[in-house]
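Please model the entire structure based on the sequences and the hints provided.
Chains A and B are the protein sequences, given in the same order. Okay, so the first sequence: first residue is 67 according to our numbering, each after it adds one. Okay, so the second sequence: first residue is 1065 according to our numbering, each after it adds one.
There could be a bad hint or two in this list.
Ranges of calculated distance between the beta carbons of each label pair, as one might list FRET restraints [what the hints assert, rightly or not]: (1) B/Arg1275 <-> A/Ser287: 39 to 45 Å; (2) B/Pro1409 <-> A/Ala512: 33 to 39 Å; (3) A/Glu168 <-> B/Gly1183: 37 to 43 Å; (4) B/Asp1108 <-> A/Pro338: 54 to 60 Å; (5) A/Ala517 <-> B/Glu1156: 48 to 54 Å; (6) A/Ile365 <-> B/Gly1183: 16 to 22 Å.
These aren't lab readings, by the way, just hints derived from the structure by calculation. Model, not experiment: these values are computed from the prediction. Virtual Cβ for every residue (Gly too), placed ideally from N, Cα, C.
Each chain is listed here by its residues.
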Amino acid sequence: MTTIAIPKDAIRDLKRAVGRPHVLWRPEEVVAYEYDGAIERAAPQAVVLPATTEEVSEVVRIASRHGLPVIPRGAGTGLSGGAVATAGGVVVALTRMRRIIEIDARNRVAVVEPGVVNLDLSKAAAPYGLAYVPDPSSQRACTIGGNVAENAGGPHCLAYGATTNHVLGVEAVLADGSAVWFGGKTRGLPGYDLTGALVGSEGTLAIVTKIAVRLVRLPESTRTLLAIFDEVDQASSAVSAIIARGIIPAALEMLDREIIKAVEPALHVGYPMDAGAVLLIEVDGLEEATREQADEIRILCGECGAREVRIAESPEDRERLWAGRKGAIGALGRLAPNYYLLDGVVPRTKLPETLRGVYEICERTGFRVANVFHAGDGNLHPCVLFDARDADARRRVLEAGAEIMRLCVDAGGSVTGEHGVGAEKRDFMPWIFSEDDLAAMSKLKAAFGSAETFNPCKAFPTTRGCGELESRHVQRMAALLGPDVWA
Amino acid sequence: MTTSTAVASALRAALPEGVVGPATEAYEIDGLRPSCAVRPRSIDEVAAAMGAASASRAAVIPLGGMTLASVGNIPARYDVALDLTALDRIVEYSPEDLTVTVEAGARLADLNAALAERGQFLPFDPPVGEGATIGGIVAANATGPSRHAYDAPRDRLIGISTVHADGTVTKAGGRVVKNVAGYDLCKLYCGSMGTLAVIVSATFKVAPLPRAEKTYAAAFGSAHEAAAFAFHAIDSGLALRSVEVVSPAAARSLSAGDGWTALLRCSGGPAAVERSLSDLRTMRPDGRIVGEDVWTRYPALDASAPVVLRLSPPPSDVAEALTVAGPDAVATATLAHGIARFALPDDRPDLREFARLRGGAWVLERAPLDLKSALDVWGPARSDFDLMRRVKREYDPAGVLSPGRFVGRL
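Here's what the structure looks like:
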């Protein structure tokens, strides 16, 4: 991948704004910022690491003066190409802005900078008996700013909602370099909910520089169950049975046969190697409530054919069960050199047929696939295993991915539940949104005046001047499999 | 400016017989009566109405149950009442997926009756009662005591269909509970008070009906003591659907006793409700269980008040706000979310000033016309107002949707 040279005076201006050590532009320096776990790679022309809102403002002004796109970036764990400099430009890495500015325990609000690591916020809130709930699997690395950009989810979204339900306000730097607060620490502020519109905008409207989030009381009691099934379909029907009973667990996660084969030898968490699927189910609340719900869930799983249901007896047991889930993606390295992680959503009731379709597509196209996902939300994460050194496999894995996305859309779902559209799925957008729908969205971009500035070539269908070879291939696939908008 | 008869005939030409009618007194807003009322029966008819209205640059106000019509500045113009109550179908209900898609004109009460057959509900309780329509609740992001556990409409809204000023029909979000494809315009339209687009249908996450509910009322000598008790209950992690602190005047109107009263609605499985009640009794033995109908009496609290003021101070300042208002003001507060509503005989500038000083906002939800014409009922503009103006200009360039009614007279 070649990097287009950046004007010398742009580098000089950026160094003046943020300090010499915090501007990277030599190819060997920027290479660490060319990738975010998706397939697409592109080296930025420069990487800037500002320390304050004022520095972010200055960087945005400099970039716009030199006609350079600005790509905000957190920890680069987004998995959708959202933080990749597809069209070149300056990556603004916010990892130096990692102060927890305030924890207001009485009002259950924290104000943080965007580079704060997700798990670090919960650790800081724990002494007050509080937590920041949205917990992506990458929570040890991912940042709150990145979570805001992608509207990140996580296992505990089922009961508690995603990032958007936990953000009360943001300070953001706009395309003209001005910094504006949207929303704030209090609720019920009159006016358009621009905070809500900014969350999940994938860094295309503004750079978020401060975030006010709500904190949630740690529950008195938490019970975690592991239900082991011979068949995926049995596990899916247990998911439906639990919800139908009126129980909304804090988390309801599924791992299929293939991923268990990766997880168990790597992490030794006690998943049986011959199981067809396991469900990880967590309930929280009052002691009385969790006991009652855990009993009911155990019975329901049994009725759906579970061969065994374990209940974690201690915090250590609980941690161990979760270690298998949270470490699942990392363990995939045991199965293949690379994986292509998809993020489709279907109505919960369509899970069994969608999973069958995923297996069928992968078998037909010659890939192994491992599934670990948020079953309660209908949010699938098929991990298609491949070897990226093989150019043909790289192309075919994108084809298989496009077919899986199409399957989700045909089931009445969406192409992304929590990772964002990014670079990877932008050409699938016409499958779910009409031209008029997309035009209504572009009005928001026009209002923010951000069209040519922030994160170009992301989140919306490809325009001219965007696109590496592989994305053009995806574009062709998108045309082949669609486009039509489901009503 | 087109004459009122020209607007009505343009609309009649664009719509089937019977859809366009005269504007009766029922459609009046702030004493203004439009030149006609349109009551479309389909989304296509809404689109045709908007197309015809904007071609003649007529100002349109979308309306549902008219229960929140007092909220907003005096309209700058008001030519057409767009009555959405005929759009009242449940489009798709999938109990196993916990989702429902419903047209804007459906009444919350009717929707919840249908959901109850499957043991589910949409947990909204706007201050105006269940006569409110879905479109109105979303447009106002209206909440009540259930917000404590169930959050606001914006948090349960997962998809939306809208008709824009020029008649274009668009959607955002979808019908799945998790979805980050495209900008989340659901958030933008929710709470926009009919100034950006006409909401014609909405998809929500619904909730299972709680298996048991009981409400504990405890009276105190001051708002601060009542709030301290309520915070203690919240911090104890009890299964609470609503945690309200109400003034002595409000407690009397609700038949919930006298004195500064904490109202705690325990909700969930029977065991969790009993445990919560038992803990509350231990914390404050002289409280009592009140009937669940206390919550259905809530909307009547401010029904006849000339002035309704809503403050949103930080939760820690709620008790002080109630104290400033005094025991005779009919006041209720959703404590943990920092939302206090006051039903008053007259304006209370001191309360508005209090909210501002504590970093919160105020909204005059109802006020006499002379007061409404003298100030912005949404309070002073904040730093993001310039962007709001740009948003309004993009989505409604001709300024025909509810002109003048929103923040900063957008």
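These are the hints, each one checked on the structure:
1. B/Arg1275 <-> A/Ser287: 39 to 45 Å: violated (18 Å)
2. B/Pro1409 <-> A/Ala512: 33 to 39 Å: For alanine 512 of chain A against proline 1409 of chain B, whose Cβ atoms are near 46 Å apart, the range 33 to 39 Å is violated.
3. A/Glu168 <-> B/Gly1183: 37 to 43 Å: holds (42 Å)
4. B/Asp1108 <-> A/Pro338: 54 to 60 Å: holds (56 Å)
5. A/Ala517 <-> B/Glu1156: 48 to 54 Å: violated (35 Å)
6. A/Ile365 <-> B/Gly1183: 16 to 22 Å: holds (18 Å)
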